[in-house]
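There are 2 protein chains.
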Amino acid sequence: MKLTVLKEFLNESISHVSKAITSKTTIPILSGIKIDADTTGMTLTASDTDISIQSFIPMEKNDIRVIELKQSGSVVLPSKFFVEIIRKLPAQQIEIEVKDHFQTIIRSGSAEIQLMGLDPEEYPIMPGIEENRRVQIPSDLLKTMIKQTAFAVSTNEATPILTGILWTISDGKLKFTACDRHRLASRETNIDVDADFSLNNVSISGKTMNELSKILPDQNTLIDVVFADNQVLFKMSSILFYTRILDGTYPDTSKLIPQSFQTELAVGTQELADAIDRAYVLSREEKTNIVKLVMRDDQSIEVSSSSSELGKVTEELVVSRLNGELLRISFNSKYMLDALKVMDSAQVQIGFTGAMQPIIIRPDEESSLLQLILPYRTTN
Amino acid sequence: MKLTVLKEFLNESISHVSKAITSKTTIPILSGIKIDADTTGMTLTASDTDISIQSFIPMEKNDIRVIELKQSGSVVLPSKFFVEIIRKLPAQQIEIEVKDHFQTIIRSGSAEIQLMGLDPEEYPIMPGIEENRRVQIPSDLLKTMIKQTAFAVSTNEATPILTGILWTISDGKLKFTACDRHRLASRETNIDVDADFSLNNVSISGKTMNELSKILPDQNTLIDVVFADNQVLFKMSSILFYTRILDGTYPDTSKLIPQSFQTELAVGTQELADAIDRAYVLSREEKTNIVKLVMRDDQSIEVSSSSSELGKVTEELVVSRLNGELLRISFNSKYMLDALKVMDSAQVQIGFTGAMQPIIIRPDEESSLLQLILPYRTTN
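Taken in order, these protein sequences are the chains called A and B. Following my numbering, the numbering of the first sequence begins with 1 at its first residue and continues without gaps. Following my numbering, the numbering of the second sequence begins with 1001 at its first residue and continues without gaps.
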């Protein structure tokens, strides 16, 4: 392999694949970035076995000559050093030449770097994925759906399936569900698929989805999502993002969500979040995060927290609507803040079916976004 | 105590004293911020015993009424919670009222916070410092001098005196010196004092000087520095910053600095720093930080580092001047980068007195700024 490539393009490509670089691998070859060059361009590949990312650099882009290819070939270079040194090279033109035994010379300006490369034949081959089970999702919608659900996945590795976001497709609707033992987040959207296209039990690590979110393009382009038996492939214009499907059976969460409410209230999203945030500051010092909501009458609620050592935070809020029985209910303020933060409306609707039953938070009654929090059992 | 104060002024004052807040105190009262209010304004005090900071809020500023005082008084409030909750209060007007047993009520908008305050009588009294040993330094000069030396203090707590910056004044010159076993940084400046004013063995923690630097005003105002037996007080317009002088005798470092050189070279500061930075990336992977400088002839030098596992980085640099014997010398590249980063000139002068003797880096031969690095003994 011998070529020159423009630094900014190489750096951009490195930043894409770097999400899949790990230093904690037991497979030495995976601590490297694989580089393939041929007459179509350069492809960089990195993998930590959970995620694999390929990024493609074309020969030219917008009439700029990006790559000058002298000889096709492949090599695997040690990630950490390669990533850092490329960023620090003095000139825009970077020459990469692979010699015998994969010894690689990188030249830029007056700097010359010799690197011990590894044999690309030892690098795992990306899985061939059949494209017959494929959907398309606008990039910004996918980002929003990840943001609205990923925070609610379980962090408990004892139940790996719950560390993922569940993808389901039925009746032309795509739904994301995330839950741990204390809360649930779900978001639904219409999607352009055949009416009989259905998807079940596909759970993808919440952490991985957050990594994907970072490299999803900001422009509203369509992302191809291809489902295989144990892998999902996200296809962007110059990036392929492979991730594995989590093992296990995702529990049925549909019965957790109450169908009717004993009490419903509507209140300003930001006002409620700010009041709970203040109470949270105190409750966090107590390491409980417990905040109490007391419904005073059909016009006002009181948000409070107290600490035996520090004191008390109290705040009265005017609600825009409150129907039903007046309740006193305690909950984890951190969970409530997480839920309120992803509401996309100035007002939120909160539904209660009793002091010990799930609390449901939605932008409005017809919303495709739903957050559920289990309350705390407290004595007063 | 009962008053209202504008949030932005209280927050600014809190941010000043917060540098002295510690959570790791064995003296419970010091985990609080002391607030004193009288007809002149409010004073906030925080102390971690090494540093004490007082910040003053006037009754009015630029024709804005900042404080409405209803009753003078004092209280100590738990720092962490107080700092966070003030920042999150909903309204610009904050009312603070201290009741019986120092129970404190904070009101802002619809939020009410009850806080268990502590008795201000238990709070340590700030030392009375006689102002007869006092100098004035422009704020920006003091910042620069701290930046040029503080990085070179020792981090080894076994020799506490070396963890400080040494202040000396003689012959109308103020000098900062910092050194550990491997490098030394010094910076001198003319100062407006009586000819017989002298200062010896005043070493102030480098960490403390960095904290001071953060609250020094950006404008070029004069800072009063008052020296007492075991304390130094920095007086800014509305802030008093007290710090203790480190115990022990600072070693005489004057003999470390060579008076003449065997070899001298002049080279572009940024060019050299960039080349060493690239070599550093590789040397850091080896955990040695060793970079080699080889003088090829009177026009060029080679900067390189190598790693048995990863490879080699080599770069040739054209120098603007090189006099004397051609040397091969190895040094800690991190130390060299630190030294080059604080040079205030496009070119640096580097002086050598042999491969195993101290390396001296200065902006020019007459400079008041000097950096010294001890080389490494290497085999090739």
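Hints are supplied without guarantee of correctness; some may be wrong.
Said to hold, decoys possible - The calculated DSSO-like cross-link candidates involving lysine-lysine, where the alpha carbons are at most 27 Å apart (straight line), are:
#1 A/334 <-> B/1207
#2 A/7 <-> A/61
#3 B/1207 <-> B/1287
#4 B/1235 <-> B/1255
#5 B/1002 <-> A/80
#6 B/1255 <-> B/1312
#7 A/24 <-> B/1334
#8 B/1088 <-> A/80
#9 A/70 <-> A/24
#10 B/1334 <-> A/287
#11 A/88 <-> B/1255
#12 A/24 <-> B/1002
#13 A/70 <-> B/1312
#14 A/24 <-> B/1287
#15 A/80 <-> B/1312
#16 A/88 <-> B/1088
#17 B/1287 <-> A/312
#18 A/61 <-> A/175
These are computed hints drawn from the structure, not numbers from a lab.
Results for each hint:
{"no.": "1", "hint": "A/334 <-> B/1207", "in the structure": "violated (35 Å)"}
{"no.": "2", "hint": "A/7 <-> A/61", "in the structure": "holds (14 Å)"}
{"no.": "3", "hint": "B/1207 <-> B/1287", "in the structure": "holds (25 Å)"}
{"no.": "4", "hint": "B/1235 <-> B/1255", "in the structure": "violated (34 Å)"}
{"no.": "5", "hint": "B/1002 <-> A/80", "in the structure": "violated (58 Å)"}
{"no.": "6", "hint": "B/1255 <-> B/1312", "in the structure": "violated (37 Å)"}
{"no.": "7", "hint": "A/24 <-> B/1334", "in the structure": "holds (26 Å)"}
{"no.": "8", "hint": "B/1088 <-> A/80", "in the structure": "violated (41 Å)"}
{"no.": "9", "hint": "A/70 <-> A/24", "in the structure": "violated (35 Å)"}
{"no.": "10", "hint": "B/1334 <-> A/287", "in the structure": "violated (41 Å)"}
{"no.": "11", "hint": "A/88 <-> B/1255", "in the structure": "violated (38 Å)"}
{"no.": "12", "hint": "A/24 <-> B/1002", "in the structure": "violated (58 Å)"}
{"no.": "13", "hint": "A/70 <-> B/1312", "in the structure": "holds (24 Å)"}
{"no.": "14", "hint": "A/24 <-> B/1287", "in the structure": "holds (18 Å)"}
{"no.": "15", "hint": "A/80 <-> B/1312", "in the structure": "holds (15 Å)"}
{"no.": "16", "hint": "A/88 <-> B/1088", "in the structure": "violated (41 Å)"}
{"no.": "17", "hint": "B/1287 <-> A/312", "in the structure": "violated (51 Å)"}
{"no.": "18", "hint": "A/61 <-> A/175", "in the structure": "violated (37 Å)"}
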